[in-house]
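Protein chains in written order, with the working numbering: chain C, 1 to 389; chain E, 1001 to 1389; chain H, 2001 to 2129; chain L, 3001 to 3129.
A hint or two may mislead.
Said to hold, decoys possible - Keeping only pairs whose Cα atoms sit at most 25 Å apart, straight-line, the calculated BS3-like set for lysine-lysine is:
#1 1116(E) x 221(C)
#2 1221(E) x 116(C)
#3 2010(H) x 372(C)
#4 1376(E) x 3032(L)
#5 2032(H) x 376(C)
#6 108(C) x 1221(E)
#7 376(C) x 2057(H)
#8 3080(L) x 3125(L)
To be clear, the hints were calculated from the coordinates, so they are not data collected in a lab.
So the chains spell out like this:
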Amino acid sequence: MKRIYMDYAATTPTDPEVIKAMTPYFNEICGNPSSLHSFGQEAKHAVEEARGVIALFIGAGGDEIVFTSGGTEGNNYALKGVVNANIERGNHIITSSVEHHCVTETCKFLETRGLKVTYLPVDKYGVVDPEEVKKAITDKTILISIMHANNEIGTIEPVAEIGKIAKEAGVYFHTDAVQTFGHLPINVDELNVDLLSASAHKLYGPKGVGMLYIRKGTRIKSFMHGGDQENGRRASTHNVSGIVGFGKAVELAKESMENEAVIQTKWRDKLIKGILDKIESSRLNGHPVKRLPNNVNVSVEYIEGESMILNLDMEGVACSTGSACTSSSLEPSHVLLAIGLPHEIAHGSLRFTVGRFSKEYDIDYVLEILPKIVSKLRAMSPLYKKEKI
Amino acid sequence: MKRIYMDYAATTPTDPEVIKAMTPYFNEICGNPSSLHSFGQEAKHAVEEARGVIALFIGAGGDEIVFTSGGTEGNNYALKGVVNANIERGNHIITSSVEHHCVTETCKFLETRGLKVTYLPVDKYGVVDPEEVKKAITDKTILISIMHANNEIGTIEPVAEIGKIAKEAGVYFHTDAVQTFGHLPINVDELNVDLLSASAHKLYGPKGVGMLYIRKGTRIKSFMHGGDQENGRRASTHNVSGIVGFGKAVELAKESMENEAVIQTKWRDKLIKGILDKIESSRLNGHPVKRLPNNVNVSVEYIEGESMILNLDMEGVACSTGSACTSSSLEPSHVLLAIGLPHEIAHGSLRFTVGRFSKEYDIDYVLEILPKIVSKLRAMSPLYKKEKI
Amino acid sequence: MVDIKNYSEKVMEHFKNPRNVGEIDNPSGIGKVGNPICGDIMELYIKVEGNVIVDAKFKTFGCGAAIATSSMVTELVKGKTVEEALQISNKAVAEALGGLPPIKMHCSVLAEQALTSAIEDYKKKQGNK
Amino acid sequence: MVDIKNYSEKVMEHFKNPRNVGEIDNPSGIGKVGNPICGDIMELYIKVEGNVIVDAKFKTFGCGAAIATSSMVTELVKGKTVEEALQISNKAVAEALGGLPPIKMHCSVLAEQALTSAIEDYKKKQGNK
Ligand SMILES: Cc1ncc(COP(=O)(O)O)c(C=O)c1O
Ligand SMILES: Cc1ncc(COP(=O)(O)O)c(C=O)c1O
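Isolated chain C, as found in the complex (with noise of 0.2 Å):
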């Protein structure tokens, strides 16, 4: 059975130049980046050639990146450390509803410690108002975070906006950059970001391994305690070989990022039109073109989405959903209630998301079978059946 892959907003496959560049510092230039020797050496110029090229990237200074074991940790880090630098200040903090867990569950940490936060309602396409930021923001807010773009629903955020409000105000502005870093264009100083997360996984680099932007003169503690690495701002031995090849997938992704997303558009609006013709009473969640180029999340109404994951990975392809039943949590996912789908149709939701190594066949495939699985899911169905009576 051929096996597609679709679920590229969970993770990439790693690219293989990606591969090529790592390899060499595994075992050949092994040495600790912190160590004086020319073992040690050699490793610290490999991480701080990466540094260049990411900063670079989107146009900060080398010393506004610091590595992190991924994009968890730098919303983390970015959260914390700048609570914790600031918490003279103020203590209060504006976010949105449709954040990836890992700001929402550190936000709701820190309210534990005291922390008063915001959590701005998005329209129907998961879109944040950015009058409403400014409306939210007191003479006690000391951090804006609002994601670039979101994982589930694609939609992209008015970020540079908000950055703009957040500036004039005089208050820290992070974002959550993870689905957008090597796939849209990024530059800090365009979008008025003082923090930026992204993680390399997601983008064609390794597993494990992510960065977070600090604008210079950002007031922020330490979130990794320990050695001096990352001038004294992040704790632990380098992850070279993942270092190495992120800033390589940062490379690949410089030179492919505008023709890729070109493709993957077209394929997009094609998923979507198929399946919205093809399967009634189905219906697009976020916005139509302020999407993600690679995003088609679908609510099917009248079934449930892991029964539908099961069904298309029978059939060899991998895709997601934000159906209660795939977390432990046995919640739908907040982002779809949070655009306002009842309960039932949250649960009913496919994500789709294509990637570098995705074929146009893959999108005709997914049509040919998603419609029979349905159906098949369909007469099971106690909803299906009292609608159409």
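Given chain C, put chains E, H and L with the ligands in place with the hints provided.
Just chains E, H and L with the ligands now, with coordinates in the frame of chain C:
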């Protein structure tokens, strides 16, 4: 020029077998272990297999192992997590004055949060006295953290005895086993530990992955907030290839650890004897017998460590020093000061650590070149002259 | 292919080929449990003749485990007397499926509830006669 | 081999082959600065003839940068008048070495201090004559 790596305590080259084991997990088995589909489940399977190998290796259950990004994260997590979860029970922790920076810096951070920390002294060999631990326990004590073996001077601490005391007192006990994991036998029940940290890159695994053992029932809060990976105990997409590599490294260690310790102890003792014989006014740091099999730490009087390291490096030998000149703090190693060395002698320390890919020749070579380097530097030293007059 | 979400082979087999999907015309009893908010809805139809459940069918909105437990419970009850059927616990359903992942045990509870509820409905109708 | 700890080639060259190591018998002036606690000690010897520094030597306990700056400062002062030598700043020493890593700039400060102190010693001795 032949290049000789004698800094295995800083980091180890990744074993070729480990690299081989990791390779498929970059782009053949490329799913996210949290994904429901088969790409994800294959990755999950690999993660769980590694977890099983590692758990068995230390006599733990699989559900007691939490994967981290390294030793630093494990130590941050253990200390902050236990303190956050038990602050209602008490606000005091006990540690030693020779811990790794990631323990001491975390303690300092916790002190800014109102925690009380006792930093126990050590004897001239760097050994913590279990009786001192016992005396330091109060009814406010919630955690004891004493490392298994010291990374600088190699001294092995009486962890099992301290663990027994902790257990009797009903206080959680954490040990930083980063330097012993994969090198000395470890059984969490024999050591009486509730938490134990390890880092893969110290045992021929990749950099950027580690684990924290958490005994079942231990009250601990998350450090990395977000998704529900690792049973909700450590968010972030799994570093699948890294975890697989860690598992393989443990398998290899299981096989070869015992033999390697025998060989390395022989070389270690040869190097110590050679240096002390050939270089007047030199001394061994750390315990003569209760020390890591691969660790040689000496102080060479009247000269400074960095200039020795640079000269050794020019001759192809890579090792490290506890001299202030190599740290950005400009303070010499806190470990060397804790064992009572005067500053100028701490500045003149060298650490040689051998490993799996070392040869006996490496020892001979160091014994040949080091005395010459010492003579050259002493001829330049104003301290040497004075002593000799 | 690896086991998905730790489902047993038996679960996957029932999920792929669910037995007794559908409705029964003029059923002796109907059990409807669950609600769309929590993501699982089961409808269980039974046909009772001479105190013996001679047929059972289901319709289910839910995950793989919900579908498999529905399928299994309809298989288990067929041929049983009403009293015997009432003895079927959620654990028995899960066991018959070779076990369920812990976070899916609630699906077997739902199956038990659907069965109990269908039998109650049957008894009520009997009482009304 | 990569530059160690960001040392310039010039620093490494002076570290490998330090100029003017040693002491001067009956020096015109001696400067002793630093202390063992902070890890750097420099002793600078100068020989002055007719207000011109005709020879300079050093002994240093310290890191690579400490040795290189010692070596460089002895080179820089030779042939200079006492007044010219006093103009040599720590920056000048660092620049002559092609720069120093930021955390090593204090070594160049030490070299300047050693020089100033040696010249003061010379002047004091002159005054005493
Ligand atoms: C928007 C967003 N933020 C953060 C993360 C977390 O990144 P990581 O899993 O690398 O920690 C992800 C993906 O998992 C994401 O999609
Ligand atoms: C004793 C000890 N603890 C903790 C660490 C930190 O481990 P890592 O660098 O993997 O975070 C190290 C090594 O760096 C160590 O030697």
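Structure-based check of all given hints:
1. 1116(E) x 221(C): holds (20 Å)
2. 1221(E) x 116(C): holds (20 Å)
3. 2010(H) x 372(C): holds (23 Å)
4. 1376(E) x 3032(L): holds (21 Å)
5. 2032(H) x 376(C): holds (21 Å)
6. 108(C) x 1221(E): Satisfied, since the Cα-Cα distance of roughly 13 Å is no more than 25 Å.
7. 376(C) x 2057(H): holds (16 Å)
8. 3080(L) x 3125(L): holds (19 Å)
The earlier numbered hints are all upheld by this structure, with none contradicted.
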